[in-house]
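For the record, the sequence lines run as chains D and U. With my numbering applied, the first sequence closes on residue 825, and no number is skipped along the way. With my numbering applied, the second sequence closes on residue 295, and no number is skipped along the way.
It is worth saying that the hints were derived from the structure and are not from the lab. You may find that some hints are simply not true.
[Said to hold, decoys possible] Once the Cα atoms are required to be at most 27 Å apart in a straight line, the calculated DSSO-like pairs of lysine-lysine come out as:
(1) LYS275(U) <-> LYS587(D)
(2) LYS214(U) <-> LYS275(U)
(3) LYS469(D) <-> LYS214(U)
(4) LYS587(D) <-> LYS214(U)
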Amino acid sequence: MPSAAPQPGEAETGRIFREESGRSVAALIRVFGDIDVAEDAVQEAFAIALAKWPGDGLPPNPGGWITTTARNRAIDRLRRESRGRELLSEAAVLTPGNDDPGVPAEAGQVDDDRLRLIFTCCHPALSTEAQVALTLRLLGGLSTREVARSFLVTEQTMAVRLVRAKRKIKAARIPYRVPEEHELPGRLRPVLAVVYLVYTAGLTSPAEPGLCPEAIRLARILATLMPDEPEVAGLLALLLLTESRRASRSRPDGSLVLLSEQDRSRWDQGLIEEGQAILRRCLRRNQPGFYQLQAAINAVHADAAAATQTDWAQIVALYDHLLAIAPTPVVALNRAIAIGEVHGPAAALALVDELDLDNYHPFHATRADLLHRLGRDSEAAAAYQRAADVAPTGAERDFLRHGGRAAR
Amino acid sequence: MTQYLLSVHSVDGEAGEPMTAEQMRQVYQQVMALQAEMKSAGAWVFGGRLHEPGTATVVRMSGGEVLTTDGPFAESREHLGGFYIVAAEDLDAALAWAAKTSAIIGAPIEVRPFQDDPGA
Chain D
418 MPSAAPQPGE
428 AETGRIFREE
438 SGRSVAALIR
448 VFGDIDVAED
458 AVQEAFAIAL
468 AKWPGDGLPP
478 NPGGWITTTA
488 RNRAIDRLRR
498 ESRGRELLSE
508 AAVLTPGNDD
518 PGVPAEAGQV
528 DDDRLRLIFT
538 CCHPALSTEA
548 QVALTLRLLG
558 GLSTREVARS
568 FLVTEQTMAV
578 RLVRAKRKIK
588 AARIPYRVPE
598 EHELPGRLRP
608 VLAVVYLVYT
618 AGLTSPAEPG
628 LCPEAIRLAR
638 ILATLMPDEP
648 EVAGLLALLL
658 LTESRRASRS
668 RPDGSLVLLS
678 EQDRSRWDQG
688 LIEEGQAILR
698 RCLRRNQPGF
708 YQLQAAINAV
718 HADAAAATQT
728 DWAQIVALYD
738 HLLAIAPTPV
748 VALNRAIAIG
758 EVHGPAAALA
768 LVDELDLDNY
778 HPFHATRADL
788 LHRLGRDSEA
798 AAAYQRAADV
808 APTGAERDFL
818 RHGGRAAR
Chain U
176 MTQYLLSVHS
186 VDGEAGEPMT
196 AEQMRQVYQQ
206 VMALQAEMKS
216 AGAWVFGGRL
226 HEPGTATVVR
236 MSGGEVLTTD
246 GPFAESREHL
256 GGFYIVAAED
266 LDAALAWAAK
276 TSAIIGAPIE
286 VRPFQDDPGA
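Go ahead and model the full structure; you've got the sequences and the hints to work with.
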């Protein structure tokens with residue numbers, strides 16, 4: 418009988434597998450109570466998928482297939498080891514009433530598993546670096562090599578970081594559970610920060626554009642799992658609105674295009690509409706926060722058909738609010754830029770010069786632009802030079818070396 | 176249950192204003208209340224305050240002989256000032272005890288798991 422199932426190639430198998438594997442890892446951690454067992458089993462299932470899917474075709478429910486295959490592999494392996502038999506008997510206790518410890522859980526439980534896992538990965542007892550690495554590896558399904566490349570460290574360094582983090586989770590018993598309501602504010606913050614960090618890492622390192630969609634995928638999962646948290650929706654809206662402009666943010670040679678100079682017809686209207694709709698819904702709850710306000714600022718930009726039509730007064734008002742809840746020099750710098758658009762460059766420069774941001778290249782680039790607009794060209798040139806000196810990536814540095822204009 | 180060491184570290188020369196007798200009495204009362212809470216929750220294993228590091232003695236074997244030296248093991252400005260050992264379900268529960276302790280004594284607490292549960 419001819420099979421009607423699509424036959425994915427190796428790359429497609431990898432893509433589907435990566436999208437589905439976070440669920441399987443999360444479910445197996447619950448069943449076996451051990452991250453390494455879950456991770457190894459899902460890795461084995463991947464090898465089997467690579468061998469089978471391209472020939473046999475995609476199983477009807479790839480996610481279910483991965484979980485079942487990985488679970489069976491794990492049980493086979495654990496039965497061969499004495500420590501494994503111990504784990505298995507513990508696992509059986511976790512799912513009373515089932516002889517088979519790996520009975521697939523219902524959908525709700527599976528979703529809860531992913532939520533548990535992200536709260537474990539982003540536990541405040543782990544360093545931010547470890548949180549990001551674990552989230553990408555376990556929930557995002559990235560290989561250790563891919564995670565390493567995203568953060569410009571060697572595979573060896575990343576492997577050590579992951580092992581150390583997993584060891585701490587196990588030894589210190591970092592719990593595998595969704596925090597209770599009263600714990601949520603403190604526990605949600607690092608989760609959202611990690612997803613945001615993954616996105617900005619993709620945005621600023623053109624070598625890793627895959628991190629941007631990955632962050633959006635994680636934000637979508639969070640928004641589905643925590644529909645009542647306005648900041649979760651705010652983060653998703655922020656990422657969608659930022660993503661709508663990603664293609665117009667750089668030239669083919671990698672150099673940056675300022676917001677005011679971007680070709681707005683290339684902005685992705687579908688992403689803008691989705692982001693704005695999500696934002697409207699969460700703002701109605703009237704609990705504005707860091708991500709919602711940033712999304713709102715991006716939404717105002719998205720509303721302007723031309724840069725000259727930007728409602729800067731509205732943006733200043735949003736930055737006032739943002740600065741009140743997140744009084745950081747970077748927010749103050751962005752607020753000063755908006756004030757410059759309303760009250761002129763002298764007013765903005767006065768605010769900018771009060772900030773202590775000497776190692777932050779946008780600070781010097783902003784000063785340079787304001788000085789240039791005030792006709793203080795030699796001071797502007799010095800500020801561009803300073804910005805170029807402290808800028809991290811090639812594209813941004815080149816952009817600044819050319820006086821804030823693209824190389825022609 | 177896992178046992179955790181909750182240790183209080185003090186830094187030489189970083190002691191704040193000396194406490195008044197009344198403040199000391201209040202802190203003492205709060206510490207006693209916290210210890211009573213640990214005991215009634217079944218978390219209490221052991222705890223105590225240490226004398227200053229100058230009272231320490233180090234013993235080591237050297238060439239088959241016992242060598243005794245005066246002073247703490249590590250020449251450091253940071254010293255262990257006291258500790259609790261608590262039994263807790265998971266790290267979150269241990270961190271909650273640490274937060275309560277830190278709020279009372281006004282110093283950071285390091286939380287570290289023990290390798291084996293001696294009760295198991």
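Now the hints, each set against the structure:
| no. | hint | verdict |
| --- | --- | --- |
| 1 | LYS275(U) <-> LYS587(D) | holds (24 Å) |
| 2 | LYS214(U) <-> LYS275(U) | holds (14 Å) |
| 3 | LYS469(D) <-> LYS214(U) | violated (58 Å) |
| 4 | LYS587(D) <-> LYS214(U) | holds (26 Å) |
Comparing the model with each earlier hint shows a violation of hint 3 alone; every other hint is respected.
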